Every structure is written in C-alpha cells, then in structure tokens.
Amino acid sequence: MHKTAQRIAYGLALLLVLALLLFSTSSFGRRLGSAATSPFVSLWQRTWMLVSSGVNWILPQGGSRDSEQIRQEMRLRELEVQLAEMPEIRRQNAELRQLLSLAPLPGWRALTAEVIARDPMLWEHGFSINKGLADGVLPGALVLSGSDVVGRVCENSRHTSRVATVVSPECHLSLVLSGSDITGISRGLSRTGRQQALFALDYLPKDVPVHSGQQLLTTGLGGWGPAGLPVGEVVPNEQGVLLEVVEQSRGRLLCRPLAELAVLRFVTVLSPNMLEAVQ
Numbered sequence: 005m006h007k008t009a010q011r012i013a014y015g016l017a018l019l020l021v022l023a024l025l026l027f028s029t030s031s032f033g034r035r036l037g038s039a040a041t042s043p044f045v046s047l048w049q050r051t052w053m054l055v056s057s058g059v060n061w062i063l064p065q066g067g068s069r070d071s072e073q074i075r076q077e078m079r080l081r082e083l084e085v086q087l088a089e090m091p092e093i094r095r096q097n098a099e100l101r102q103l104l105s106l107a108p109l110p111g112w113r114a115l116t117a118e119v120i121a122r123d124p125m126l127w128e129h130g131f132s133i134n135k136g137l138a139d140g141v142l143p144g145a146l147v148l149s150g151s152d153v154v155g156r157v158c159e160n161s162r163h164t165s166r167v168a169t170v171v172s173p174e175c176h177l178s179l180v181l182s183g184s185d186i187t188g189i190s191r192g193l194s195r196t197g198r199q200q201a202l203f204a205l206d207y208l209p210k211d212v213p214v215h216s217g218q219q220l221l222t223t224g225l226g227g228w229g230p231a232g233l234p235v236g237e238v239v240p241n242e243q244g245v246l247l248e249v250v251e252q253s254r255g256r257l258l259c260r261p262l263a264e265l266a267v268l269r270f271v272t273v274l275s276p277n278m279l280e281a282v283q
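Quick note on my numbering: the sequence shown kicks off at 5 and runs consecutively.
If you're looking for bench data, these hints aren't it; they were derived computationally from the structure. Fair warning: this is a prediction, and the values are worked out from it, not measured in the lab. Worth double-checking, as some hints may not be accurate.
Simulated DEER-style distance windows between Cβ atoms [as the list claims (entries may be wrong)]:
no. : residue 1 : residue 2 : range
1   : P110      : S216      : 30 to 38 Å
2   : Q73       : D123      : 39 to 47 Å
3   : V249      : Q199      : 18 to 26 Å
When the alpha-carbon atoms are kept at most 20 Å apart in a straight line, the in silico SDA-like pairs for lysine to any residue are as follows [as the list claims (entries may be wrong)]:
no. : residue 1 : residue 2
4   : K210      : D152
5   : K210      : I186
6   : K210      : G232
7   : K210      : G224
8   : K210      : E237
9   : K210      : R254
10  : K210      : E248
11  : K210      : S184
12  : K210      : E251
13  : K210      : V249
14  : K210      : D185
15  : K210      : T272
16  : K210      : C158
17  : K210      : S182
18  : K210      : Q252
19  : K210      : V245
20  : K210      : S253
21  : K210      : W228
22  : K210      : P234
Backbone N, C-alpha and C define an ideal beta-carbon position, used for all residues, glycine too.
Let the sequences and hints guide you as you build the complete structure.
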C-alpha cells in the first residue's frame, strides 16, 4: 500500500513538472517570464514558490535520485523566473535615478508618481498615476520623465489622475523650436500605418528653417510649466520631407517624443508652488 502511494506521488510530481516545463517554453510562458514590466511576474513567482512547496511536500524526504532531480529542475525554473525580473529592476532603478537628478525648478513643486494603469489599445497615448487632487495635482499639469516632457494631466480624481501623452490627440502644448523664437502648437497623431507614435507641431510659418533632430522645448505659456523643457525632436515624414506646407498657408512638422512612453513606471508632475499656500 505504501509503495502504491509512493508511485502515485512520483507520477503526480512528474506530470506537474512536465506541465510547468511546457508552460515555460510556450510563447505565453516566455512573455510571462520576460514581462518584468508588469506585476504578473511577481504573481508568477509567488505561484511558483507555492508549487515548489507542494512538490516538496508530496515527494518523500531523502528520496531517490529521481525525486532529487525533480527538486533541482523546480529550483532551476524558479531561478529563471527571478532572472527574468532583473532587466526590469535595473530599468526602474535607472528611471528613479533620472527623477532624482531633475534640477530644481524655481517656482515649481515636483511630485513623484507611479504609473498604475494603461489602456492596452492605446498604450502610448496615456496612463493613470497614483496622485490626484489631494496631492495638489490639477488638470493641465505637465508630466515629466527625467527632464523630458511626457504629456499633461487631462483629468483626475481625489487620489488618481489620467495623463494624456504628447502623442495623444488630447494633449496640446505650446512649443518652440530650439535655437529660434518660432513657436507652434503640438498635436498628437494616430499611430495607424506608422511604426512609432509621433506628434505634429502645427501653425508654423510655411518657410521656417528647420533641420532633422532639432529639439522642441516648452514655451512656458499658459502657466502650467516652466520654459525650456525638452519635449521631442523633428523627424522627416514618409516622403523624407521635414516641413509640410498645409493649405498653402502654414507649416507643420512631424516630431518624435524624447521620452520612452511605452515603458514608463515613474513620472514627475509639476505644480506651481502657489498651490501649496492655497492648500
């Protein structure tokens, strides 16, 4: 009877290991292992530890070579999951160092916030953060990654806010071409047919001199952020043209954001210092 139970335990453990091996080599398993950008990895790791504990309970202690091999394979898979988390941890550390390196902006209060949600269908167009009205965050506030402008707050509640990035049609900013006094209004563009998310700088003179890679900076107009913050850079369109003339009356530029919008986990929200006195 004891030998029968032992065989059943061995069989169940082997089936469990085979199932886990199959899962870890499938496309979904690989995505889960490398998806250090999401909370699912930690959930996967906790689940794996529970499974490991279950196998250790099923297998007889001090058992045969087969049981030891199973334990070693389980340990190997656990270490692989932990290793998959390392690139994300390094990236988050670099992002936090960027936030800490932001130079003081006189007249402005910098509030660090964490990205807590995104729309899977419009991943780079916006996200939600864990700061809201109770923290002094108001609609229109500029949002940064390091010193680069990501977008602005478009709506909020008491403890959360939604941010529209510079590539979203909801976000409009007054920007100036670096090295000049030429200003325009930014407008997010649809990604349909494009390999990357871009935005346009519109309402420019139709003969404005411009070069590829020229940066766009905030003007400070509107009172929601200081002047001189980098936002994006000029890129040619699909025809290789930098300045598009619209309706024979104005110029428009295609621009790429400087911040990596798809992988943000932490951002900085700017608010005027005078809000602290009001609160």
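| Enumerated hints in conflict with the structure, sorted upward | 4, 6, 7, 15, 16, 21, 22
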